[in-house]
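Required output: the full structure, derived from the provided sequences and hints.
Chain residues, written in single-letter form:
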Amino acid sequence: MMERKERKPYWKHTKWQMLASVVPFLILIIVLPLYAESLNTEKFLGFPLGYFLSAHGIVIVAIFTIASFVNRQDAIDHWHGAHEDT
Amino acid sequence: MTLTSRTRFVNPRLGTYFGIFTSLLVGLVLLLLIFEQLGISEGILRWVMLLGPLALYAGIGAAVPTNEPIDYFASGRRVPAGYTGLGLASSAMGATGIVAMSGVFFLIGFDALWLVIGGVGGFVLMGVMLAPFLRKFGTFTVPSYLGRRFDSRAVRLLSAGLLAVPMLLFLAAELSMGAYAASWLSGESTALMMMLLIIAMIATFVVGGVRSLNWSGSAQAIAALLALFVPVAVVAVMVTNFPLPQLTHGPLLRALVGQEAAQGVPIVDARSFTFLIPDQSHAAVAKRFTAPFGSVGSATFIVATLTVMAGVAASPWLLPRVTMTPGVYETRKSLGWATVFFGLTMLTVSAISVYMRDFMSDLVREHGASIPSWMQQLVDLGFVQVDLSNGPLALTSFKIARDAVLLSLPIAAGLPDVFTYFAAAGIVAAAMVAAGATAVALANILAEDVVGGASWDPLPTEPRLWLARIALVGVVVLGGVLALLAPTDPLRLMFWSLALTASCLFPVIVLSIWWKRMSAFGAMAGLACGFGVAVLTILAGAADVLGLTGPLAGLLGIPAGTLGVVLASLATPGPSRNMLELVREIRIPGGEVIYDREMRKLRLKQRDRT
Numbered sequence: 206m207m208e209r210k211e212r213k214p215y216w217k218h219t220k221w222q223m224l225a226s227v228v229p230f231l232i233l234i235i236v237l238p239l240y241a242e243s244l245n246t247e248k249f250l251g252f253p254l255g256y257f258l259s260a261h262g263i264v265i266v267a268i269f270t271i272a273s274f275v276n277r278q279d280a281i282d283h284w285h286g287a288h289e290d291t
Numbered sequence: 003m004t005l006t007s008r009t010r011f012v013n014p015r016l017g018t019y020f021g022i023f024t025s026l027l028v029g030l031v032l033l034l035l036i037f038e039q040l041g042i043s044e045g046i047l048r049w050v051m052l053l054g055p056l057a058l059y060a061g062i063g064a065a066v067p068t069n070e071p072i073d074y075f076a077s078g079r080r081v082p083a084g085y086t087g088l089g090l091a092s093s094a095m096g097a098t099g100i101v102a103m104s105g106v107f108f109l110i111g112f113d114a115l116w117l118v119i120g121g122v123g124g125f126v127l128m129g130v131m132l133a134p135f136l137r138k139f140g141t142f143t144v145p146s147y148l149g150r151r152f153d154s155r156a157v158r159l160l161s162a163g164l165l166a167v168p169m170l171l172f173l174a175a176e177l178s179m180g181a182y183a184a185s186w187l188s189g190e191s192t193a194l195m196m197m198l199l200i201i202a203m204i205a206t207f208v209v210g211g212v213r214s215l216n217w218s219g220s221a222q223a224i225a226a227l228l229a230l231f232v233p234v235a236v237v238a239v240m241v242t243n244f245p246l247p248q249l250t251h252g253p254l255l256r257a258l259v260g261q262e263a264a265q266g267v268p269i270v271d272a273r274s275f276t277f278l279i280p281d282q283s284h285a286a287v288a289k290r291f292t293a294p295f296g297s298v299g300s301a302t303f304i305v306a307t308l309t310v311m312a313g314v315a316a317s318p319w320l321l322p323r324v325t326m327t328p329g330v331y332e333t334r335k336s337l338g339w340a341t342v343f344f345g346l347t348m349l350t351v352s353a354i355s356v357y358m359r360d361f362m363s364d365l366v367r368e369h370g371a372s373i374p375s376w377m378q379q380l381v382d383l384g385f386v387q388v389d390l391s392n393g394p395l396a397l398t399s400f401k402i403a404r405d406a407v408l409l410s411l412p413i414a415a416g417l418p419d420v421f422t423y424f425a426a427a428g429i430v431a432a433a434m435v436a437a438g439a440t441a442v443a444l445a446n447i448l449a450e451d452v453v454g455g456a457s458w459d460p461l462p463t464e465p466r467l468w469l470a471r472i473a474l475v476g477v478v479v480l481g482g483v484l485a486l487l488a489p490t491d492p493l494r495l496m497f498w499s500l501a502l503t504a505s506c507l508f509p510v511i512v513l514s515i516w517w518k519r520m521s522a523f524g525a526m527a528g529l530a531c532g533f534g535v536a537v538l539t540i541l542a543g544a545a546d547v548l549g550l551t552g553p554l555a556g557l558l559g560i561p562a563g564t565l566g567v568v569l570a571s572l573a574t575p576g577p578s579r580n581m582l583e584l585v586r587e588i589r590i591p592g593g594e595v596i597y598d599r600e601m602r603k604l605r606l607k608q609r610d611r612t
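Line order of the protein sequences matches chains A and B.
Residue numbering for the first sequence follows the numbering used here, beginning at 206 and increasing consecutively.
Residue numbering for the second sequence follows the numbering used here, beginning at 3 and increasing consecutively.
Please keep in mind that the hints were generated in silico from the structure rather than gathered at the bench.
Misleading hints may appear alongside valid ones.
[What the hints assert, rightly or not] Label pairs and their computed distance ranges (CB to CB):
1. 290(A) - 281(B): 50 to 56 Å
2. 209(A) - 599(B): 16 to 22 Å
3. 214(A) - 32(B): 54 to 60 Å
[As the list claims (entries may be wrong)] If we take Cβ atoms under 8 Å as the criterion, some of the chain B residues that face chain A in the derived model are:
4. 66
5. 119
6. 245
7. 249
8. 252
9. 259
10. 300
11. 307
12. 331
13. 337
14. 345
15. 586
16. 589
[Claimed, not checked] Just so you have them, the derived chain A footprint on chain B, three or more residues with Cβ under 8 Å:
17. 122-128
18. 290-297
19. 348-360
20. 567-578
Ideal Cβ positions, reconstructed from N, Cα and C, are used throughout, including at glycine.
What follows is the structure, encoded as C-alpha cells:
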C-alpha cells in the first residue's frame, strides 16, 4: 500500500501520463482525416495513403496509445508503490 | 490488503473450453456445407444454422449457475483481459455496427470512418480515464458508483432513470437487427423471430446473470467474428490470392478509384455541416469510396467522431464489464484488447464493402446491358433493385439496401449458400451479445439501484438475485416489445443512444474521478442538463428546426453537461473530508476494492448483530 506522502506525486504523474496519452491521439484523429484528400494521391501497400492513414493508421495509433499507456501507467504505479498486490 | 490473486482466480481451462466451442461451431458449419452439397433441403440447413448456435450459447449460459452476488453481478471478478476486451468490443459494435456499417461503408466509403475512429477512440478514453478507477471502486452498476461516490441516493436514482433511456434505445436497435437477420435466415416473420430471440436470451442469461453473459457472450462474440472474417477471407483468396482482407483490399481500392472515375461516379464536395448517412431504403452508390467529405462534411465528421468517442467511453452497458477483471492492471489491458478487436472488425467491415463495390464495378465493366446470375439472385432476394431502362448499366443503376450488403457478399462471390447462412447466424450472435449486455446491465440497474436503491445496504442474497433475474426477464421483453412497436432504423437508434450517453454520463463520470471539487449537486445538474439538452437537440433535429441530428447532438449536449457539472459544483458547498478521502482512494489502484470492502464490513456488522 502506498505511503501517504506519495499520493500527491503519484497523482501528478498519473495526470501527466493521461494527458500524454490522450492529447496526441486526439490531435491525430482530427488532423489525419482532414489531410486525407491531399494524401490520397500517394500510395502505401496498394492503399491510397489518405484512406489508409485515416482507417488503418488510426486503429494502429489507438492500439499503440493504449498499449503504451498500460505499460507506462504500470511503471508509474510501481514507482510510487501504488500497484496492486498479486 | 487485497486478497485477489490472478493465478488463483482465473479458470485455467478457459482456452480449452472456448476451443471446444469454436470446434463445435466450425464443425457445424462444415457439416452443413457437406449437407448442402449432398442436396439436403434448404429449409433444414437454415433452421439448423439458426438454432444450432443458439442452443450452444444457451448451453454455455446454463452451465454457469450462480448464487452469490459477486458471481451474478460481476462474474466472480474472474474474467481475464482478453475475454473482457472481446465482450467490450462486440457489445459496443453489436449487430448494428457490423451490418449497418458495412452498408454505410459501401454507400459512402470514407465518410463512414467517423464511427470507426470514434469507437477505437472511445476505448482509448475509457481505458485511460475511466475504467481503472471504476474497477478500483468495484460497484456492479454505474448508478451505484455515482451514488456512493457522492453519498447521495438522489444521484443514484436520477442516473438510473436517465441512463435507462439510451440503454433501451440500444436494446431495441440490437433486437430488431437480430430479428431481421433471424427472419431472413429462417423465413419466418420478424415478430416470431423476436420472440425466439427473447426466449433464447432469457434461457441463456437468466441462470447465471453476468457470469452467463460473459461466457456465453464470449462464445457469441467468437461466432460473430468468425462469421464475419471467414466469408470475406475466402473472397479475398478468390480475388487477391491472399487471405488477409483487411490488408489486401489496398490494390483493389486503387483499381476501384480508377474504375469509379471511368464510370462517372460523382465526386461530391459537401459543405462543412452536411450529415447524410444512408437509411434502410435502397440507395445507389453516392460517391467515390476514398474521396473524403462527400456525404459528411469535415466539421460534422469531427463532431460525430468526438461524440461517438464520448458515448462509447461512457456507455453504461460497457462500463460495468470492466469490473469483472481480476484487477486494475487487467482492466487496463482489457481495454487494449477491446481496441484491437473493435478496430480489426471495423477494418474487416470496410474490406467487405470494398470487395462488394469491386464486384459491382466488374459487373458494370464486363456485362454491358445484361446482369449475371448472382445479381439476379440478389434482385430476387430483394437486396438490390436494378434500373435497366436507361441503356448500358452504370454503377448508379443499382440500388442496394444498406442492411443487405453484408449478406450480399458471399452471394456475389458465388460461395455456397451456407456461407450466407453463417453470416446471418453471426449477425444473430452479435445482436445477442450487445442486446444481452444492455439488457443485463439495465436489469441490474433496475434491481440494485431503483428497487434496491432505497437503502445503501443491499438486499439479502436470495431475494437480491431473484429480483435481478425477474428484472432481466422484464427488460428483455420490454426491449422486444419496443422494437416491434416502434420500428426505427437501428443505426439511428444507436446514434441517439450514443449521443445521449455522451451528453448525460460522460462529463459526469469523467469529472467525478478527475475533479475532487465536484459535488452531488454537480452530478445531478450535469446529468439533467446533458440529458435535457441532448434530447431537445435530437427532437429539434427530427423536427428540422436545427440540423444537429443523431450523433451531432453531442455538439450541444456534452458542453451542456460539462457546464452543468462545473457551475453547480462551484455554486454548492465543497465535498466533505470523507468524500475527498474516497476520491483519493479511487485514484490509487492498490488496496482493497472499495465496494468489496463495504460489503465485507456489512457482513461483519450483520454477523455482530445476530
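The hints, checked one at a time:
1. 290(A) - 281(B): 50 to 56 Å: Given a distance of about 53 Å, which is inside 50 to 56 Å, the answer is holds.
2. 209(A) - 599(B): 16 to 22 Å: 18 Å, holds
3. 214(A) - 32(B): 54 to 60 Å: Once the Cβ atoms are compared, 59 Å apart, the range 54 to 60 Å for residue 32(B) and residue 214(A) holds.
4. 66: Hint violated; residue 66(B) Cβ to chain A Cβ min 24 Å, cut 8 Å.
5. 119: 5 Å, holds
6. 245: 16 Å, violated
7. 249: At about 7 Å, which falls below the 8 Å cut-off, the nearest Cβ of chain A leaves the hint on residue 249(B) intact, so it holds.
8. 252: 3 Å, holds
9. 259: Check passed: Cβ of residue 259(B) comes within 7 Å of chain A, closer than 8 Å.
10. 300: Constraint on residue 300(B) satisfied, holds at 6 Å.
11. 307: 6 Å, holds
12. 331: 6 Å, holds
13. 337: 6 Å, holds
14. 345: 3 Å, holds
15. 586: 6 Å, holds
16. 589: 6 Å, holds
17. 122-128: holds (count 5)
18. 290-297: With 5 residues in contact (Cβ-Cβ under 8 Å with chain A), the coverage given for the stretch 290-297 of chain B holds.
19. 348-360: holds (count 3)
20. 567-578: violated (count 0)
The structure fails to meet hints 4, 6 and 20 from the earlier list, while all remaining hints are met.
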